[in-house]
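Going line by line, the protein sequences match chains A and B. Per the working numbering, the first sequence starts with residue 1, numbered consecutively. Per the working numbering, the second sequence starts with residue 533, numbered consecutively.
Heads up, a few of these hints could be off.
[Said to hold, decoys possible] With a straight-line cut-off of 20 Å between C-alpha atoms, the simulated SDA-like cross-links for lysine to any residue are: (1) B:LYS1014 x B:ARG595; (2) A:LYS277 x A:ARG490; (3) A:LYS113 x B:GLY896; (4) B:LYS900 x A:ARG490; (5) A:LYS167 x B:LEU822.
Please keep in mind that the hints were generated in silico from the structure rather than gathered at the bench.
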Amino acid sequence: MGNQPFLLTVITFLPLLSVAALLLLRSDDHVWIRRIALAASVAEFALSLFLLPKFDLANPNYQFEELHDWIARWNIHYHLGVDGISLFLVLLTTFLTPIAILCSWESIRENVKGFFVSLLVIETAMIGVFVSLDLFLFFVFWELTLIPMYFMIGMWGHERRIYAAVKFILYTMFGSILMLVAILWLYGLSGTFDLDGIQQYLASASLPATTELLLFGAFFLAFAIKVPLFPLHTWLPDAHTEAPTAGSVILAGVMLKLGTYGILRFCVPLFPEAAHKMAPYIGALAIIGIVYGALVATVQTDLKRLVAYTSVSHLGFVVLGIFAFNTTAIQGAIYQMLNHGVSTGALFLAVGMLYDRRHTHEIKQYGGLATPMPILMSFFLFIALSSLALPPLNGFIGEFLILIGVFQGHHQWASWAASGAVLSAIYLLWAYQRVALGEVTVEKNRTLPDASTREKLILATMAVAILFMGVASPLFTRRMAASVDNILTRVNPPQNASQRPAAIPCMGAPAAKLPAPGGAAAMAAIAERQAQ
Amino acid sequence: MPGAGQLMNLHRLAPEVILCFFGVLIMILDPFVGAARQRAMGWLAFVGTLLALVSVHIAYHVRGMAYDNLISTDTFSVFVHVVVIVAAALAILGSLDYLDREGIQRGEYYALVLFATAGMGILAGANELVTAFIGLEMSSISSYVLAGFRRRVEKSNEASMKYFLLGSFATAFFLYGIAMVYGSTGTTLIDKVQIALQGAGKPPALAILGLGLMFVGLGFKVVIAPFQIYGPDVYEGAPTPVTALLASAPKAATFALMLRIFYVSFGSAADFWFWAVFVSAILTMFIGNLAALVQTNVKRMLAYSSIAHAGYILVAFAASTSLGIAAVLFYLAAYVLMKVGAFLVVTHLGQQGEKRLAIQDYAGLGEKQPVLAACFSLFLLSLLGLPATAGFLGKFFAFQSALDAHDVYGTAIVWLVVIAAINSVIGAYYYLRVIISMYFAEPSKDYTPAGVTPALGFALFVAAAGTLYLGILPAHVLDFAKAAADSLPLLR
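Next comes chain A alone, as it looks inside the complex (with noise of 0.2 Å):
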């Protein structure tokens, strides 16, 4: 695909370009740099889409590639490029980032400019995470999305936001500092910072077991940390409930796959004999944060803490199906990346609604709030059911796929994790009931006004995005599958491979009918060749 050999840079740096222009822009003047931001973000938006028709189904490589010298001294190149775990993840960002500004459009009075010049900052940032090929070009864009998030929690988030954000910039980035020493000691070896080379060099000589252990630990605890896995999690509530909901969006809609997204990039395929050993570990990590997640979420008083401990239990999830090592699994934790970018996304959205009702996060503050504002509350319904993972909506097609491939190597893992998501459905509709349903018992709350035009176009957007990844889940899962099997070709020892369960390109497939591991191969063929 070297037709295209600006495009990802141009999708790179377009909102650092726009950010230029709003410097430009006098501080007062709110209307036309909120507009020149939203402009720019769905410009952005709009330029990504174009990733999609010349993406290449069956080419396992990256594509879109782009590879320059930036530092010949030291061999770091500027190396950019996408497959099929990262396409995505580059349209998620580009897709919520856009929501995001039109949620802070009123809710932001104060240094607006300086609001939406961190907002498109760390969208470059995030997106440089995504197609950075080449490690060193990767940690720059890593570490550079913590400044503007920081400042995003810090100056625009509510009480204890200060305390929230110095102590998600401290935990990030000790993580971070490590991985860096790992980047660098993997230059030691191998000569290069570039993905390719190091796999190639990794692929060819074999390190002692206990070097790869400590490579796979630097960059899994800096993974784990951004995830954020159990017991490494306790950043997390803090920063997502003092965010400003824009911040909240883009934290646990993106930011948090960071994470995943680097365990899926570079912990698994570079060290997969370290991620064998560790792996019933990590799942067992994976399970405690899942259940945990799910039973602290259950007893929040606190609305937004109750959906950030959600993240917890979600995220877990993910890590879970990664560690799985199998196509099935994997699979359903990048689809389910993407659902909790959106259904999380959309829960602080209606959250932070409430929030500029009433401010106030407490659950007793409000009940009975489907009686003055029923659109509002039939969307946060909606959104609830998506992310306690109803059929047919999105949540579903992840988890399902989660728990399908995770049953094939571990039984008791999925019956555990599947407890994860009953107890979704207990937390959350919980909170809905005693947020929406009964009798209002606030008297203030009766003359709430409901859902204003733009937050009817937030939500059904958000509404939309959730239902179409729910029935159409094989336009993505197609696109997945070869980058996916490629990653299992380096985790899986050769003589297994034929025996790894492949795909299920669409949700029709139910558990019951998983016949022998080649029947289901046979039965993704016939479904790929439909779908086409």
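Chain B: place on chain A using the hints.
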């Protein structure tokens, strides 16, 4: 032709000649210029530093030994010259308004800065230990006076006195070290010591002892643990633009001399001094960072931070490869820009009498002076080591060069890098504290800082642009640093 040789000598020493010429010129003009026009002396000194920078270019084209091998004008020396002179030029620009504000605008101040800079230039190029000693004294004695330049302020006097007493003590160590090296090897020429030690097989104990004493003396000048005690007091008491100079340029020059002595003369004894550097690096980083955590005075916090940075430089220093030299040099270039930049912001915001140095005095700066706050944030984030800034690449190359020496020193150096990495996260806390105050805290209503004058604005612009340039497009400077490292006659 002795005449031509003499001329060549002068060419190779051109930066020092020009700096001293302008220093003397200022001293001569000083009494003839009225008290009201002393500021002109500052501009004259600035022109002097610019011309010196041009003359570095001349010296670069006639590289070689000068004055019977006493001075070695090699690429290494040229690199350090550029760093030191740029630091001095920026400090001079930052001093112009400061001295007016404090009512101590005097020509001799600028003359002293120029003499100190010339001394540092000699340090960078010295190929002979006694010559290095002269350079060290030139820069130190000028610095003692500069530290006490706020004559009516107790703290400034204290700084000057402390610096003088401990500094002379340290210099004595250095001198004693030279004597021992001479006694052991029969020469004080840095490259000849290398040959003498190489022939001796295992380095003689006397030479190692001499090296240890020199480490003490020079370690004092670059403010590394366990010789760092005086540092924060001096940096805090000295006039802030002087602190900007002291915390940057002498460190660069003295590290350059240390590189020459340790790498060139004692390259064969690397296994001995590695552990000294190793221990000192760990102590320096922890002391600098942990002490900085609890500071409420920004100037003092930056003083401790500069100790921590000396520790990171030592990490690259420990590598004992030519890659390590390149990393140290790059780090110095990055460090000087961001540190001088940060101290110049502190200079400007200090108000008369340096009253406003507490972190809470920075509250709301992001709202009051967004450009200045953005600049300061850039310097702080660079000191913190955020990617796309000079500080990150400095650390990156330092860590990388250290890990590269993994074959020689095994896991010890890997642990050193891990400790350095952890330290840089500790550092994040106190740098971010200032940013929190600038952007997240409620602005204090009782005063507004003055606007930035063109001179200071230009200095800040240069520092900020340099910080970004080194952070995003480091290739040229890196190649220069590597060429500088290769210009030293190393053993391996």
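So, going through the hints one by one against the coordinates:
Restraint check: the Cα-Cα separation between LYS1014 (chain B) and ARG595 (chain B) comes to about 16 Å, which is no more than 20 Å; the hinted pair holds. Among the hinted pairs, LYS277 (chain A) with ARG490 (chain A) is consistent with the structure: their alpha-carbon atoms are about 15 Å apart, no more than 20 Å. Straight-line distance between C-alpha atoms of LYS113 (chain A) and GLY896 (chain B) comes to about 16 Å, which keeps the hinted pair within the 20 Å bound. Between LYS900 (chain B) and ARG490 (chain A) the alpha-carbon distance is near 55 Å, which puts this suggested pair outside the 20 Å criterion.
Among the hinted pairs, LYS167 (chain A) with LEU822 (chain B) is consistent with the structure: their alpha-carbon atoms are about 18 Å apart, no more than 20 Å.
Checked against the numbered hints listed earlier, the structure breaks hint 4 alone; every other hint is satisfied.
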